[in-house]
Amino acid sequence: MSDHSMQRQSLMSARGLTKRFGGLAAVNDVSLDLWLGHIHAVIGPNGAGKSTLTNLLSGDLPPTSGTITLDGHNITGWTPEKISGHRLGRSYQKTNIFTTFSVWDNVRLAAQSRVQPSPFNPLGWFRSAAKMTAVNQRAERAIELAGLQNRRHAMAGATSHGEQRQLEIAMTLATEPLVLLLDEPLAGMGQAEAESMVQLLLRLKKDHAMMLVEHDIDAIFTLADHLTVMVNGQVIASDVPAVVRADAGVQAAYLGEETHETVGEEH
Amino acid sequence: MSTPQIHLETLPRSIQLVMTLGFLALAAFPFVGSDFYSAMVVRMMILAIFAMSLDLLQGVTGLVSLGHAAYFGLAGYVLAFITPQNEAISLYTSLPLAVGGAALAALVIGFLVVRTHGIYFIMVTMAFAQMVFFIFFDNKALGGSDGLFLNFRPDAGVIDLENKQVFYYFTLGCLLAVYGFLRRLLWSPFGRALSGIRVNEHRMRALGFNTFSHKLAAFTLAGALAGLAGYLWAAQSGFVNPELMGFHMSAHAIMMVILGGMGNFAGAIVGALSFEYLLHIFKDLPDVGEFKTGKHWQMWMGLFIVALIIFAPKGILGVISRTFGGSAERKESGHE
Amino acid sequence: MDFVNFLIQLLNSVQYGLLLFMLAAGLTLIFGIMGVVNLAHGSFYMLGAYLAWSLAAQLGSFTLAIVVGTALSVGFGLLLERLLFRYFYQRDHLDQVLLTFGLIYVFEELRSMVWGDDVHGLPVPDLLAASIPLTDNLSYPVYRLFMSGVCLVLALGLYLLISKTRLGMKIRAGAFNREMTESLGINIRLIHSVVFALGIGLASIAGMIAAPVSSVYPNMGSQVLIMCFVVVVIGGIGSVRGALIAALLVGLVDTFGKVLLPQASGMLVYVLMAAVLLYKPEGLFKQ
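Residue numbers (our numbering), protein chains in the order written: chain G, 83 to 349; chain D, 653 to 988; chain H, 53 to 339.
The shape of chain G in the complex, shown without the other chains (with noise of 0.2 Å):
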């Protein structure tokens, strides 16, 4: 590792994470660490244990061994929505929004999060959600960001799967998160709409710590600070992506086959 990560205090980190499913091991001894203005990738072939790592991360899953600190809390075995609520938002690579909403009342609940009452406290019964101003901001900026603006009013099933990554983005944007998870925040995107997604994620770098979950290369050595390679649930190198690159062990698992692929690629 270089010596700027080692001496910066990283917002999240995973130590000897592991996820094991009868006896196969998902994830096996997995560590990496998360820093604010930090874009961390972790890339893999399919099968590699990268999903499981953010559902661990996440708190979607519960690790069978290793531990997991966000922002100096240890949060081993938290539930999601106490991980969500110390400022870590993740999106899904598998769309995961409320398809019968319109893309506003998305973002809206999605911003809503952050101040909502105990469902036992009777005066959120009568108040009106739709006139939360604090909410309504928040999930304004959001939807700006995710430039969305012009969909607001369209039921989120029934817009185009570029759209909805959009939104996938948006309402993890809402909760106003420290730390952003994102699996495969590219999947299935046009080029115009991937580039627009990969400037996006160069402006939120600045002050968030990020991990990002793809497959596409190019976005990848665009954006990452640092990379992190899987293959079979086990890290195989971790890096700043230049020196990833060289590592033959990687070229072969790995990138061998991907940047044959690419044409003219970038250096």
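These are computed hints drawn from the structure, not numbers from a lab. Since this is a predicted model, take the numbers as computed values, not measurements. A few of these clues could be false.
[Claimed, not checked] Listed next, the in silico EDC-like pairs over lysine to aspartate or glutamate satisfying Cα-Cα at most 16 Å (straight line):
id : chain 1 : residue 1 : chain 2 : residue 2
1  : D       : Lys944    : H       : Asp144
2  : D       : Lys792    : D       : Asp807
3  : H       : Lys310    : D       : Asp790
4  : D       : Lys966    : H       : Asp144
5  : G       : Lys288    : G       : Glu258
6  : G       : Lys164    : G       : Asp142
7  : G       : Lys288    : G       : Asp307
8  : G       : Lys164    : D       : Asp790
9  : D       : Lys944    : H       : Glu161
10 : G       : Lys164    : G       : Glu258
With chain G's structure known, arrange chains D and H on it following the hints.
This is chains D and H only, laid out in the frame that chain G set:
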């Protein structure tokens, strides 16, 4: 629930008109209807409150409870127990006690069942409700299978509930209050969260919502409102028995909500009124020769339910909405 | 409690548990493989009982009644599956609950029209009417042992079918992944019909053999349905093994509970269910 449905949360104009006319008709009814039919309408209104309470759970939050009648019956039993033999009990003490009792039961049972999902939830709600049923059915001290009688309606001071018309308007008042409350709740942050849980609970958790406590609160509140209906039922009929808490009662409630259309409370009212009226029609069917058609009302009811599920799963309001237009899709949120 | 009494209660527990297993296994299989919740499952138990009673009287033989009765109820079940249930495999659970609830009403009425509303007893067949003496004044009815025996044989048969035969393999595959199974050329519709027939058959036979002991009366299906649900919840949906263990557990708790704590008797099973829910909301052996 496996398939997310677009619910008519924002009532289209056609439905709003129907509801307004309906409430006016209810208000005018005692002046035109006989005592017999007025009493029937009171029962319908009480069942409408019961149905709305279930709609909160089922239509809004997506929790299908096959045991909701437990809270309806419990509140009725509380009133039956605390009403003395020789005089009336005050409304102002008995109502909070009954509703509170139902709410407490819902809180306890809810704590156990709300952690289950899908088909488990359906089964455990049914199981716990049957447990409550058997507690009362098997215990002579609690009235047993014969049930309990109430000799007096609650004493509300200036409001004389023993007077049929007064009781009618008291019930109508409760109906309107509950409807107004629930419509308000639907658009509150709590209501929005419940809708979100119905559509995608997993994402709600990921967004930071404590879905367990939200579902529990909905379960408890629904139980409390069912308790209000049960209290009124006991007060009106003067009699409670374990059937009020039974599986059939719970299933009737589900039917009413489905028949009217789920998720907006208006449907629950329409469904309750229609269902009761339908039941009345089936039971009163004229004999065809030797065949006692009315006696076999359960058959017609059963076939009707089967036909409803096959052909009109969105219920009456769905049909009205489709026929008379008025957008079923949600445009601007937060406006009725 | 002395040993003999303990033995009697134990035998009763096992008998009750195995009977519940017959019903729960069918319910859990049908749900696990087709995703259908069938509230009318208890109606087939009732159908079995009424068929046993009426056929035994007409045919003069209990054994013959069981054979014919099973054939009739399975046939009826298959008809139902083909005409109605198969359109509901993909529908909401709520729709299935309501559909089958409506069917309960229809079946109860049909029963009322065909056989009336009276309670009927069914005499235990002569061959099995003996009792095994245990002490000077206590003996155990052979028929109850027979009931347990039948259930055990059927349970074993079910186990062998599911785990050792090709049909069983196809059934398990169908539960696991419908589309994949279909693309492999396996006739999934046939599998569904077979599973449905199996479930219905088990429920009917349970009703038939229980009839001499429990009598034949209206609404007998609903009562046993609740216990069936409790068993499935405790055991875990889709797990036949879970259903067996849960059924025996329920049998034990219910039987011994009624003897040791008569005031709380009916409640104990629900307390057990509540405890399982707190510890494992998806059942003990969830797949």
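Going through the hints against the structure:
no. : hint                   : verdict
1   : D:Lys944 with H:Asp144 : violated (36 Å)
2   : D:Lys792 with D:Asp807 : violated (28 Å)
3   : H:Lys310 with D:Asp790 : holds (13 Å)
4   : D:Lys966 with H:Asp144 : holds (12 Å)
5   : G:Lys288 with G:Glu258 : holds (14 Å)
6   : G:Lys164 with G:Asp142 : holds (11 Å)
7   : G:Lys288 with G:Asp307 : holds (12 Å)
8   : G:Lys164 with D:Asp790 : violated (44 Å)
9   : D:Lys944 with H:Glu161 : holds (12 Å)
10  : G:Lys164 with G:Glu258 : holds (15 Å)
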